Each structure stands twice: as C-alpha cells, then as structure tokens.
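Please model the complete structure; the sequences and the hints are all you need to start from.
Protein chains: 2
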Amino acid sequence: MDQIIKTIRANNRFLITAHVNLEGDSLGSQLAMKELLDALGKEAFIYDADQVPEHLRFLPKADRVLNKITSADKFDVALVLDCPTLKRVGKVADSIKDKFIVNIDHHISNEKFGRINWVDAKASSAGEMVYRLFKDMDVELTKEAALCLYIAILTDTGSFNYDNTSKVTHEIAGELLGYGLDPAEVSENVYERRDIADIKLLGRVLSTVKVDKTGDIAYMELTKKMLEETGADISKSEGLVNYARSIDKVMVAMLFREDPKYPGKIHVSFRAKADADVNKIASSFGGGGHTKASGCVIDGTLAEVENKVIAKVEEMLHKD
Amino acid sequence: MDQIIKTIRANNRFLITAHVNLEGDSLGSQLAMKELLDALGKEAFIYDADQVPEHLRFLPKADRVLNKITSADKFDVALVLDCPTLKRVGKVADSIKDKFIVNIDHHISNEKFGRINWVDAKASSAGEMVYRLFKDMDVELTKEAALCLYIAILTDTGSFNYDNTSKVTHEIAGELLGYGLDPAEVSENVYERRDIADIKLLGRVLSTVKVDKTGDIAYMELTKKMLEETGADISKSEGLVNYARSIDKVMVAMLFREDPKYPGKIHVSFRAKADADVNKIASSFGGGGHTKASGCVIDGTLAEVENKVIAKVEEMLHKD
Numbered sequence: 001m002d003q004i005i006k007t008i009r010a011n012n013r014f015l016i017t018a019h020v021n022l023e024g025d026s027l028g029s030q031l032a033m034k035e036l037l038d039a040l041g042k043e044a045f046i047y048d049a050d051q052v053p054e055h056l057r058f059l060p061k062a063d064r065v066l067n068k069i070t071s072a073d074k075f076d077v078a079l080v081l082d083c084p085t086l087k088r089v090g091k092v093a094d095s096i097k098d099k100f101i102v103n104i105d106h107h108i109s110n111e112k113f114g115r116i117n118w119v120d121a122k123a124s125s126a127g128e129m130v131y132r133l134f135k136d137m138d139v140e141l142t143k144e145a146a147l148c149l150y151i152a153i154l155t156d157t158g159s160f161n162y163d164n165t166s167k168v169t170h171e172i173a174g175e176l177l178g179y180g181l182d183p184a185e186v187s188e189n190v191y192e193r194r195d196i197a198d199i200k201l202l203g204r205v206l207s208t209v210k211v212d213k214t215g216d217i218a219y220m221e222l223t224k225k226m227l228e229e230t231g232a233d234i235s236k237s238e239g240l241v242n243y244a245r246s247i248d249k250v251m252v253a254m255l256f257r258e259d260p261k262y263p264g265k266i267h268v269s270f271r272a273k274a275d276a277d278v279n280k281i282a283s284s285f286g287g288g289g290h291t292k293a294s295g296c297v298i299d300g301t302l303a304e305v306e307n308k309v310i311a312k313v314e315e316m317l318h319k320d
Numbered sequence: 321m322d323q324i325i326k327t328i329r330a331n332n333r334f335l336i337t338a339h340v341n342l343e344g345d346s347l348g349s350q351l352a353m354k355e356l357l358d359a360l361g362k363e364a365f366i367y368d369a370d371q372v373p374e375h376l377r378f379l380p381k382a383d384r385v386l387n388k389i390t391s392a393d394k395f396d397v398a399l400v401l402d403c404p405t406l407k408r409v410g411k412v413a414d415s416i417k418d419k420f421i422v423n424i425d426h427h428i429s430n431e432k433f434g435r436i437n438w439v440d441a442k443a444s445s446a447g448e449m450v451y452r453l454f455k456d457m458d459v460e461l462t463k464e465a466a467l468c469l470y471i472a473i474l475t476d477t478g479s480f481n482y483d484n485t486s487k488v489t490h491e492i493a494g495e496l497l498g499y500g501l502d503p504a505e506v507s508e509n510v511y512e513r514r515d516i517a518d519i520k521l522l523g524r525v526l527s528t529v530k531v532d533k534t535g536d537i538a539y540m541e542l543t544k545k546m547l548e549e550t551g552a553d554i555s556k557s558e559g560l561v562n563y564a565r566s567i568d569k570v571m572v573a574m575l576f577r578e579d580p581k582y583p584g585k586i587h588v589s590f591r592a593k594a595d596a597d598v599n600k601i602a603s604s605f606g607g608g609g610h611t612k613a614s615g616c617v618i619d620g621t622l623a624e625v626e627n628k629v630i631a632k633v634e635e636m637l638h639k640d
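Same order as they appear, the protein sequences are chains B and S. Per our numbering, the very first residue in the first sequence carries number 1; after that it's consecutive. Per our numbering, the very first residue in the second sequence carries number 321; after that it's consecutive.
Note that these hints are calculated values from the structure, not bench results. Please note that the accuracy of each hint is not assured.
To be verified - Below, a list of computed lysine to aspartate or glutamate pairs in the EDC-like style, where the Cα atoms sit at most 16 Å apart: (1) S:Lys569 to B:Asp195; (2) S:Lys612 to B:Glu188; (3) S:Lys432 to S:Asp418; (4) S:Lys569 to S:Asp536; (5) S:Lys530 to B:Asp50; (6) B:Lys273 to S:Glu508; (7) S:Lys520 to B:Glu192; (8) B:Lys91 to B:Asp50; (9) B:Lys273 to S:Glu505; (10) S:Lys487 to B:Glu175; (11) B:Lys249 to S:Asp515; (12) S:Lys593 to B:Glu54; (13) S:Lys407 to S:Asp418; (14) B:Lys210 to S:Asp518; (15) B:Lys122 to S:Asp502; (16) S:Lys569 to B:Asp198; (17) S:Lys569 to B:Glu221; (18) B:Lys273 to S:Asp518; (19) S:Lys632 to S:Asp536; (20) B:Lys167 to S:Asp502; (21) S:Lys520 to B:Asp212; (22) S:Lys612 to B:Glu185; (23) S:Lys487 to B:Asp182; (24) B:Lys167 to S:Glu491; (25) S:Lys593 to B:Glu192; (26) B:Lys292 to S:Glu505.
Said to hold, decoys possible - Computed footprint of chain S on chain B, listed as stretches where at least three residues anywhere in the stretch have a Cβ under 8 Å from a Cβ of chain S: (27) 97-107; (28) 161-168; (29) 196-206.
These figures come from a predicted structure and were not determined experimentally. Glycine is no exception: its CB is placed at the ideal position from the N, C-alpha and C atoms.
Right, dumping it as structure tokens:
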C-alpha cells in the first residue's frame, strides 16, 4: 500500500479500469478512485471494456466511464481494480499489458499480474480498499465518493450478509453514511429499479421449483419459452438459483437454463449450503467455480440434463 | 434511561414481553433483555401472547418464551419491548395492565402507556436500545446476547437498507460481529429457511404482476386457489407486495389478496416509493398505516376491488 501511495504521488497520468460485466463494486471503486486522483490534481480517466449497465447509471458521474480510447489518451500508470486476472479486463488488456500496472483487488484467487500488487482477501470489496487509500493519503471524501464506496460495499457484501462482512466493513459503512447518504434512497436506487419482465420471469421460474425426495436438493427450470413470453433478458437470471437455495434444509440448489444462444445445450447453476461442495459437481461436468457457487454447460435437452445432474448430485451428497 | 436503570437495579422480579406476531426484533430484544437480567442476578421470565415462529426458533434459548403464566409467576415490573400501544401485547395485557410498566420502544407512534417510557424513534430497533442498556449498565455481552441483538437489528433494518439505519447502527452491528458471530451463517438462518410452499406461492403471485398504462402503478393478485394449490400460509404473504414496489419507476405497488378466512372480502396491501402517500389511499377505504406502507380490507370480488382501488390510486396520483 505504501508503494501504491508513492506511485500515485510520483506520477501524473492514470488509466483506471476493472473487470468486464461491471457491477456495484467495480464501478463504485473506479469512480471513487477517479475522485481521489482529481482531488490530488492528477490526470485520470476510466476505461472499461463494458458499458455501465442501465441500473447503475445513477451513480454520480457514471458517464465518466469510457469504452474506447485512442493513442492520444496518454497514461503512465494503469490502476486495475477488482480483477483477479489481467484477462478479466477484457479488451482493455491490449492497452495496458506493457504498461506499469498497479493491481488492487480483494479476490483470494488474484494472480498478482501487476508491477505492484495490493491483494487483501480480508477486504469486503475493492471499494473498501479505495476507502483506505483516501484515509492513508489524507484526502477528504466528497459526498459523491462516499456514495460510490458505500454502493461498492453494499452490493459486494449482499447488504452486509455475506461472510466478507467484518467489523471494519460496518465501521466504514457507518462513516460513509455520515457524508449525508440516505440508506433507503440508495437501496431504492440499487435494488428497486427492476424491469417488470424480470419479475415475470422470476415468477415463472419459481413456479417450477421442485425438491427431491430427500429434501436435500432443490431445482428450477428456465425455458426459452419463458424468455419469449416474458421478454426478459437471460443475462439477468444467474441469481435466481438463490431462491432454491433459500429453502430450509436444502444442501444443493440448481437452476437449469435453456439459452437461445446455445441450442442443444443446458446451462446449470449450482449453489450449496452447509458442507456441500458444488465445485466438485460442476467440475465433474467440465465446469467449475467455488465450493458454494459453480456452474457448467451440458449437451442435451432440459429433461436429459436434469436427470443426469440430479442423479450425480444425489450420489455425491449421499456418498459423503 | 437513567430511570429504567434505577428501576432494574431496585427490583428483583421482572416480566418481559413484546408485541403479538413475534419477529426478529421483538424476539431478539426480549431474549437479550433476559440475558441482561440474568447477568444482574435478577429473576425474569418472558411471556408473549404468540408462539415463537418456526423460522425463529434457532435463536439461542428461544424456548424461554412462555405463552401462559399462572398466578404463581410473580413479578414487580413488566418490561414491554417494541410495542407502540399496550393493546399490541395481546392477551398479556390482562396480566400487566395494573402493574408497574416500563415501556421501551423505537416506534414514533408510541402511546407512552408505561410508568416509565423510553421511546427513541432514532433507534433502528428495540434491540439497539437493549444494547445500550448493556453498555450503560456495564454488563458484558454474552455471545448469545450479541447474536440476539444482531438479529434484531439485521431484521428490523432490512439488512441495513431501511432509513432507520444510521452510523450508530453500523457501529453497533460491527461490535456485535466481534463477539464471534458469522454474518453469513446468521443470514442463512434468518433468510434461508423458507418453505417450498412459500417459494411456489411467490412464483404464482409474481406471475400475475401488471403495470398500469402510466407505469406508476404495479399490482399483483393472490387467490384462494393459489393457497390451496401451493399449500402456503397466507400469513407469510404480506411482504410479497415489495416485489411489485421494486419495479423501476413504480410509485404505488399493491397486492390484492383473497383470504379464505374472510370470504367476500379482499385484503389490499399498499407500498409507496418516492413522494407517493399510500396512507391517504388506504384511509379512504377505511384502512391505514404509514405513508410508505399501508393496508385495507374491502368488500367485493377480486376484480371489483381491483377496479375500484386502481381507479382511486390513479386519480390521487395524477391529481397531486
């Protein structure tokens, strides 16, 4: 961290980037980093592979995110936030791979691809790390920066419910609220800008929920027909599997999805509770992920894939 | 608060109670209060009108809640938690109405029905107030008490998303985590013990979501048939209206419910966003509540009541 502070002080032109598929933490931490560099009188711009999703455009100065740059956009240092690997920045990698990279991340799997690597797996979010830069560099937070950091922390901790939430996380969140943030207003902006098509799709998917005879396994389906009839976007359906996970006593929850883009294949999302390990299961079908959340893609129809996967999950659960 | 501390120190036998329909705050704050009195060497028991709901029985020592007492159960002081009115304690009122009542509550509408009334509308929860008693009385929190208070705060702030969340709330939550609580484990216990019937009912209700032509009004239906087919319990359906509220640009969300217990009547739940006032609307139909959340019961069929109420909401929204 000292090295990062020295690097920031010693240089004048910065590129800020983060992973593809921008969400609350990657976007919030980048916008706050830009505020920090502005306050220090540095030149800085944010360059991301992906556009800011519609539902996050309410973040202050979200229009500062550029999706292309030219050779006229000069920078001495690339600050890469919330990225476990360099590949995850998408096309931005071409512009920064031969430059001086500062890697600031909280993922334990971080590959330390930078010249300087500040990886803190105990931090709830990249936002929490940028907050510490403000403090250690003695830069006063603006209300805008506070809001961006608060959203980064709020979204990356699942509203302070995930196991990355610590005493420090709450202390920082409390301090950020002190900059005049209204938690209910932020929450409305973050969580209550849903599309009616997504609500309809959720209804359709939940109506398919089933639990196996042991009660250990819950699963749901998402079909092409549901997407057509509701007009919903499949990219927003990943989290739906958590509803199956939330059923009492369920150890493994699954969502089987037909994706119009991949005919003849079924995407399976897994979630685990308690001691179950769904990384093992997804890996056995050529996928992967974490112990508690994983996925894979399997050839076949919905019925075929369901039968095959459920049999495998039952076998693994009851063998352990 | 000084008066309360004096009263606790000066007496030896306490009854602890809270409102009917126990939830996280009323239950957690009572159990923590019992821990406080135990630590002080006092005799105390918890007496509530309602049983602890299934999904909250994981709270430490939740089996301490009694649902009946006899004249042999003596007490000098009744500590009433999280109750805006004495009536809200249900049948417990008979046992305490002529006794020395200490009223500890965070509802702004509190009617100050006690001999001593400590009403702090700035506190997030009754749990936050009991936490302050521990601190001011210099009693060390047990891990069990910390867990009860954390659950009280977590649930009453909607995971720190509601506008009763303050800097102090986060500071307390952070300190409570320091007693060895695992936020993800607590969250699983609190939010992930759902009944599959409730998930199915949610699916059916969400599938009925509609938005009016202005986009300001979203509404859903819950029918007797859905209850029969899913086997779900109507008492757990109050919160479903929030899904309609979460749609972008919606000002007023409604859930129309057929309740098998009240044939010929429809229960309407209202939720508001931004400046909309649903207390006015519910009141005009003989109901009531708060600006942002209210309800009423209207004679008629689902279709009749929907037409009548939606027309009224449209009129009010577009007149303002």
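Taking each numbered hint in turn, which are not upheld by the structure, reported in ascending numerical order? The structure conflicts with hints 5, 7, 12, 17, 18 and 27, although it agrees with all the remaining ones.
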